[in-house]
Amino acid sequence: MGQSIMYGIISVIICVAYFTLIDHVFMDMQGLDYWYLFRK
Amino acid sequence: MGRVTRKNLFSIMALCAMVGLLLLPIVMALPSPATGEEAPTADGAKKDGDKVEKGRDVYYKTEGIVVGAPAPKTMDGPRDYPRYNFESRVLLWFANQQHLYYGSFVLAVPIFCMVIEFMGVMTKDKALAKRYDQLAYDFIKISLTAYSLTAILGGILIFTFLTLYPAFFGYLSSIFRPVMHIYALMFVAESGTLYVYYYGWDKMKEGFLKWIHLSMSVILNVIGTLLMMLANSWIGFMMSPAGVDEQGRFLGNIWHVIHTALWNPLNVHRLLGNMAFGGGVVAAYAAYKFLASKTDEDRAHYDWMGYIAMALGVAFLIPLPFAGYWLMREVYAYRQQMGITLMGGLLAWLFIIQATMIGILFLSTNYYLWQAMGRMRGAEKYQRYIKYLVFLLACGYLVFITPHTMVMTPAELKAMGGQQHPVLGNYGVMSAKNGGINVIITTTVLSFVWYMRGNKVSTVSWAKFGNIFMGVFFACAYINIIWLAIYGYYIPANVRVGLSVPQVATTLSCLFFMFALNSVMMKGAKQMGPIEWGKISVRSQYALIMLATAFTWMMGLMGYIRSSVRLFWHVNEIMRDNSPWAYTHTTGFAANMISFNVLFFWLSILFVFWLGSLAAKKAPVEAKAGVPGSVPQPAGSH
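First to last, the sequence lines map onto chains A and B. Note that the first sequence covers residues 1 to 40 in the working numbering. Note that the second sequence covers residues 41 to 678 in the working numbering.
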């Protein structure tokens, strides 16, 4: 069980980092600011 | 040995002849752009001095020497618009649509043959290789009769143009004269290659000759794709003309006329669309044969055939919406008003219908895959989760089809408090719709992944981590798609418009990474039992027929939308349509017409299938002896 939780946490960290990177990079490539709302 | 060598020599010669045929139009086009006269040169222009008239390209904005006549200014009457006591446009619509259906089918099926034949050559399992070969042969056999019908329908289409729209067709052929000749030559090359490819199947089934045969299929498909691209240049020119001045006079550069603003997006969109459509039609054929089968062996074969055709069709259906977005983006870039007419104006309701059809396609695909899991032992473990996929699909679908505004009576408008519904009105925007369709596609990818691992248990040492990672990856992908859809409501439109790209990237990440990860995990996996081909519910086969019908209907609809966006122009902003039918039909009339075209296509292709079955019945011995593996055995893998 403990191992599964550990795997789950590692997976979440990788996936969240990956999708955030995707969002940022693909908006940046279009010259747009992904963090627009948070910078305001 | 000598016989084999002679065979090899003949095969290589045939292949060289096909390459020669393929290159012939290019060679013919080299000496001059074939404008019908001597191409004007810079020297010639200098000699003639002031006599040379120059024009400015309406799209490329380059100057060129006028070599063509202006677009005719037509008038309603028997000279420009001869007619029967009937709307000429409807006759043309019918001829065009039927030709397109059959054309798409016969262009798509050889591509499938090429892929499946290649899989057969590459696979190490000899029994499976024979089955792939037999399947590819079955595919090309179906398309052969349809090929003749395509040519006949092409002839009917040209005669319809010539007799009912002579002024317009005269102008178009004066611009595209060299392209039309090249098109005709390519058609000859396509026919020759197809017949050699089909009739040479048995004689070239092994060793080096098989590779020659496979190379022929590559050439066949290159010719087919070029044919489609040439035909696309005509509709591209009608929508977004180039290479002519504002009066429609040809400026001598045939490449400008072909390479219009919308040509490439149309090429990509049509190629993918044809493939998805071809897959759907073959899947429906397999479903029909499955339902009519009397023996378990036949059922197993047609079940397998239906699955392969469906998988190939859906493989091209998944990127189709993205190609559609690119096409629309280019339409907006070319003429913003044209884009608004399509998606926010006169034709917007047709896009709601289109969304409904796209949703049906994906729902049918998912339903088929869930049913197909029934034929493999071990897939029961996924059954209890299917209801969650249904929930996701239903939510995505409902958001995807919600219109922005409704057509209402004043009383209804008053009761609702405005044009938009206070709750549902929020979903009728692109931000939500992008989220909806991406959820649907991601769910389809998930269904495929479950299907692929249905009867297998991974034996890799990191299987536990792999499974958890896949689950988390899909969950995060859903969250990211929905988050981006909601985020779009809180930021300005010029920033929001870019969110569709990371949404698409998220969906494609699931497609590529999860398929790859699953394949690695399932390498050498323990099988719970073989796939029992033929042991699938009858309902699943109706889902395949539904899939094919929805493809056909949607193709008709999208063709109508693309054509209607020109409104009252034969050639957009160059040649006006002055016939009495230069108006946009009501949505109801268009839907009835599309349904009629779909019905006619299916009835006629059923006839084609029946003809094919007659040929099979006449030569049972030859078929069995000539094509090994005609009696299928259940496959161990897929």
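Hints are not guaranteed to be accurate.
What the hints assert, rightly or not - Label-pair restraints from in silico Cβ distances:
(1) 372(B) <-> 5(A): 30 to 40 Å
(2) 28(A) <-> 575(B): 48 to 58 Å
(3) 460(B) <-> 31(A): 49 to 59 Å
(4) 28(A) <-> 369(B): 11 to 21 Å
(5) 21(A) <-> 214(B): 52 to 62 Å
(6) 14(A) <-> 651(B): 35 to 45 Å
(7) 161(B) <-> 21(A): 48 to 58 Å
(8) 5(A) <-> 423(B): 46 to 56 Å
As the list claims (entries may be wrong) - A few chain B positions that, by computed beta-carbon distances, are all more than 10 Å from chain A:
(9) 396
(10) 485
(11) 504
(12) 508
(13) 511
(14) 542
(15) 549
(16) 623
It should be emphasised that the hints constitute simulated quantities derived from the structure, not laboratory data. Backbone N, C-alpha and C fix where the C-beta goes; we use that ideal spot for every residue, glycine too.
The hints, checked one at a time:
Residue 372(B) and residue 5(A) have their C-beta atoms about 48 Å apart, which leaves the hinted 30 to 40 Å range violated. Checking the proposed 48 to 58 Å range against residue 28(A) and residue 575(B) shows it holds: the Cβ atoms sit about 51 Å from each other. A beta carbon spacing of about 31 Å between residue 460(B) and residue 31(A) contradicts the range 49 to 59 Å that was offered as a hint. The hint said 11 to 21 Å for the Cβ distance between residue 28(A) and residue 369(B), and at roughly 19 Å that hint holds.
As the Cβ distance of residue 21(A) to residue 214(B) is approximately 54 Å, the hint placing it in 52 to 62 Å holds. Take residue 14(A) and residue 651(B): their Cβ atoms lie about 56 Å apart, and the range 35 to 45 Å is violated. For residue 161(B) and residue 21(A), the hinted distance range of 48 to 58 Å is not satisfied, since their beta carbons lie about 40 Å from each other. The supplied range of 46 to 56 Å is broken by residue 5(A) and residue 423(B), whose beta-carbon atoms lie about 27 Å from each other.
The Cβ of residue 396(B) lies farther than 10 Å from every Cβ of chain A, with a closest approach of about 29 Å, so its non-interface assignment holds. Every C-beta of chain A lies more than 10 Å from that of residue 485(B), the closest at about 15 Å, which supports listing it as non-interface. Residue-level check failed: residue 504(B) sits 7 Å from the nearest beta carbon of chain A, not beyond 10 Å. Chain A draws residue 508(B) into its interface by the beta-carbon criterion, the shortest separation being 4 Å against a cut-off of 10 Å.
Against the 10 Å criterion, residue 511(B) falls within the reach of chain A, whose nearest CB is about 8 Å from its own CB. For residue 542(B), the requirement that its beta carbon stay farther than 10 Å from each beta carbon of chain A is not met, with the minimum near 4 Å. Not every CB of chain A is more than 10 Å from the CB of residue 549(B) (nearest about 7 Å), against its label as outside the interface. Every Cβ of chain A is farther than 10 Å from the Cβ of residue 623(B); the closest lies at roughly 39 Å, confirming the non-interface assignment.
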